[in-house]
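K.L.:
Chains as they are written, first to last, in the working numbering: chain A, 1 to 261; chain B, 1 to 244.
A hint or two may mislead.
[What the hints assert, rightly or not] Examples of chain A residues toward chain B, derived with CB under 10 Å:
| no. | residue |
| --- | --- |
| 1 | 158 |
| 2 | 224 |
| 3 | 229 |
| 4 | 234 |
| 5 | 235 |
| 6 | 236 |
For the record, the hints were derived by calculation from the structure and aren't laboratory data. Beta carbons are placed, not taken as given, at the ideal position from N, Cα and C, and that holds for glycine.
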Amino acid sequence: MNHITLDQYCNRDSFIHRLDARTTFLFTLLFIFTVVSSPPGSWLAFVFYFTVISILILVSKLPIGYVLKRSMVIVPFVVVIAIFVPFLREGEIIFSFEIWMIRANITYEGVLVLETVLIKAWLSILSIVWLTSVTKVTSLLRALRRLHFPGVLVMIISFMYRYLFVIVDETLRMKQARDCRSLGGNRLRQLRSIGSIIGTLFVRSYERSERVYYAMVSRRFDGEARMQDSLVLKKVDIVFGVCLFGLIITVALCNIWILRW
Amino acid sequence: MVRDMAAEVVVKAERLSFAYPDGREVLKDISLIIERGETVALIGPNGAGKSTFLLHLNGILHSNGFLEVLGKTLSEKNLKWIRARVGLVFQNPDDQLFSPTVFDDVAFGPINMGYSRIQVEEAVQKALESVGMRGFEERAPHHLSLGEKKRVAIATVLSMNPEILAFDEPTSNLDPRSRWSLISLFRALPATKIIATHDLEMVRALCQRAVVIYEGRIVADGHTSIILEDRSLLKTTGLAPDEE
Chain A
1 MNHITLDQYC NRDSFIHRLD ARTTFLFTLL FIFTVVSSPP GSWLAFVFYF
51 TVISILILVS KLPIGYVLKR SMVIVPFVVV IAIFVPFLRE GEIIFSFEIW
101 MIRANITYEG VLVLETVLIK AWLSILSIVW LTSVTKVTSL LRALRRLHFP
151 GVLVMIISFM YRYLFVIVDE TLRMKQARDC RSLGGNRLRQ LRSIGSIIGT
201 LFVRSYERSE RVYYAMVSRR FDGEARMQDS LVLKKVDIVF GVCLFGLIIT
251 VALCNIWILR W
Chain B
1 MVRDMAAEVV VKAERLSFAY PDGREVLKDI SLIIERGETV ALIGPNGAGK
51 STFLLHLNGI LHSNGFLEVL GKTLSEKNLK WIRARVGLVF QNPDDQLFSP
101 TVFDDVAFGP INMGYSRIQV EEAVQKALES VGMRGFEERA PHHLSLGEKK
151 RVAIATVLSM NPEILAFDEP TSNLDPRSRW SLISLFRALP ATKIIATHDL
201 EMVRALCQRA VVIYEGRIVA DGHTSIILED RSLLKTTGLA PDEE
């Protein structure tokens, strides 16, 4: 049926695409960690991180428009969570207005936090978009297993990846079947039919999980997640890894040092 | 049936009964003997108990009654040994293929059996070769056609090199060409085969022996040509239309 792809640019060829999944994964993890832990208002560091991730995206030959579009997904979430921070933070008031007798103050510190959170979230999501566009999900799973991630966790992600498409197809089929029979009707009835689709989907997935488990057990599954992979760390992985890791950690340290003085 | 006394019995079931937790009885007093090298069809309408019987063969479902596979009683102790020798192919390949790539799926059994890296690699190649799916290792199962999925599903058990192969409705939903190519694939497989189906055309083409299961009981067991000629039997068991 319809084939949505999560990793549509993973088959492009660039030196980044040839890197081992462990390298790209660990790099992304470190990148997000340093970005998230940098103090509010470290603009210089943010510019640097942005430059790094932009260069990586360019080198990987990813379409810029696609990356930007994908990265915008995060913005609504951040806004919903952080929109009230400028009102709640104590500090220097830069703007103040009154709604229904309630005084609202926007503080400089609050705006600073909001900006920082937005930038951090966006930089992090850029790196995730980059990671998922240069590393196949399947290689990523093998990398996780090799990095001693808990087997159950890796299996859950692997099942999610495998059955996402099956469930989407199933949902579309049910929706079609419903559309064939529903002749308009009011909102409430439509909502009810959506509810029953979700319920049916849940029951079917539950039953499927049982059959999948049977299929696993009959092939000698005993609770231990084993995988065989052909991941090889090449010289380029080590060079890339060491250089970028070093660079990012140096910048993070400098950033803290500058802000402290 | 007249039996060749020298032939080795690979499956021996005696008075096997099974009821689901809700009390529904699916198998009643099943007694059956299958010999090495046979291709046996289990035929019967939907819900007759064919799949439930197959699930007993490698101990996924337990019941009272006696079941012996390859000379060993089915018990907790022998479970691993038996599971490595009975390959069960489920009806829906989306249940059988649960890994993100074809390779991972075909390698699943061999890895669990403790094969070395090279042995796993070889087993996968050999299994994919014999179902004509070489070169599909890195493909994702959801990008395969149904016929291809069914072939890979068979490869996932072939890679464990089983002595008994059990198939649940292998030809369901296939178009005629994929169906016939699957049937000729079955012919080439040397293992003892037990095929649960209601595809009588395939039974005629493939199986020497047919066992009719109806409402959880074995109602007939014999040579395929004799069973399939018995119109009244087929009518009462829902395998042929009532009016002709």
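K.L.:
Can you list which hints this structure breaks, lowest number first?
P.N.:
Violated hints: 4, 5 and 6; rest satisfied.
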